[in-house]
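Participant: Chain by chain, the residues:
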Amino acid sequence: SQTIHQWPATLVQPVGSPLSLECTVEGTSNPNLYWYRQAAGRGLQLLFYSVGIGQISSEVPQNLSASRPQDRQFILSSKKLLLSDSGFYLCAWSLAAQETQYFGPGTRLLVL
Amino acid sequence: AQSVTQPDIHITVSEGASLELRCNYSYGATPYLFWYVQSPGQGLQLLLKYFSGDTLVQGIKGFEAEFKRSQSSFNLRKPSVHWSDAAEYFCAVGAGYSSASKIIFGSGTRLSIRP
Chain A
1 SQTIHQWPAT LVQPVGSPLS LECTVEGTSN PNLYWYRQAA GRGLQLLFYS
51 VGIGQISSEV PQNLSASRPQ DRQFILSSKK LLLSDSGFYL CAWSLAAQET
101 QYFGPGTRLL VL
Chain B
1 AQSVTQPDIH ITVSEGASLE LRCNYSYGAT PYLFWYVQSP GQGLQLLLKY
51 FSGDTLVQGI KGFEAEFKRS QSSFNLRKPS VHWSDAAEYF CAVGAGYSSA
101 SKIIFGSGTR LSIRP
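Line by line, the protein sequences give chains A and B. Here my numbering is used: position 59 in the first sequence is 59, and no number is missing along the way. Here my numbering is used: position 34 in the second sequence is 34, and no number is missing along the way.
Heads up, a few of these hints could be off.
Straight-line alpha carbon distances no greater than 20 Å define the calculated DMTMM-like cross-link-like pairs of lysine to aspartate or glutamate that follow [as the list claims (entries may be wrong)]:
hint, chain 1, residue 1, chain 2, residue 2
1, B, 102, A, 59
2, B, 49, B, 66
3, B, 61, B, 85
4, B, 102, A, 71
5, B, 61, B, 88
6, B, 49, B, 20
Derived from the structure by calculation, the hints contain no laboratory data.
Work out the full structure, taking the sequences as your base and the hints as a guide.
Facilitator: This is the structure we're talking about:
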């Protein structure tokens, strides 16, 4: 069966520091991968999605970036964090030809 | 482009009472529809989905949803809620098969259970 992992679970970072969040999927090949952000008490905002290695599409302009160095690895990064980057970050995967997305446990980021 | 609306931000029901969470969508063709549940501090878990066929869909944890094309709705129901059902519920609509399948999520409905 497929599983999706996110690391770390919780992160507290100062403003201006770099960021790297990792998402890995097991048990499937060539998945579509997604990064979402969920601000406190808010819905989900799609940040990036990827249909293959090195292929990244950005949904909203921001100081975050994403990379997919391996088939089942998706990384969310920032060179300098802003206070507004605080939130709950969710990674998800889906099969390319289907629509159901399966979510990881999330990373809670607090920027101080 | 597709969109989805959850008109209720917060609902409180008594334990053992029935539940209906509303979801309306906008899409030109037959949509793919989903309900997800999120417990505090957790990821989203798929409750059920509708792709085609029977318009009444059964999901996990005793939930069901009915697709009504004429009303552009996909409301979630449960005949008797349990305290453990307290969570955030998200309706979502997909745009059909594509090389980069994307889902649009509603803003969510927070469900509280009254003892």
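Participant: Next step is simple, just say for each hint if it's right about the structure.
Facilitator: A quick look at each hint next to the structure:
Distance check on the hinted pair: residue 102 of chain B and residue 59 of chain A sit about 11 Å apart at the alpha-carbon level, within 20 Å; holds. The straight-line distance between the Cα atoms of residue 49 of chain B and residue 66 of chain B is roughly 10 Å, inside the 20 Å bound, and the hint therefore holds. Distance restraint check for residue 61 of chain B and residue 85 of chain B: the Cα-Cα separation of roughly 9 Å lies within the 20 Å cut-off, and the hinted pair is therefore satisfied. Under the criterion of a C-alpha separation no larger than 20 Å, the hint pairing residue 102 of chain B with residue 71 of chain A is consistent with the structure, at around 19 Å.
Pair hint residue 61 of chain B plus residue 88 of chain B holds up; C-alpha atoms about 15 Å apart against a cutoff of 20 Å. Pair hint residue 49 of chain B plus residue 20 of chain B holds up; C-alpha atoms about 16 Å apart against a cutoff of 20 Å.
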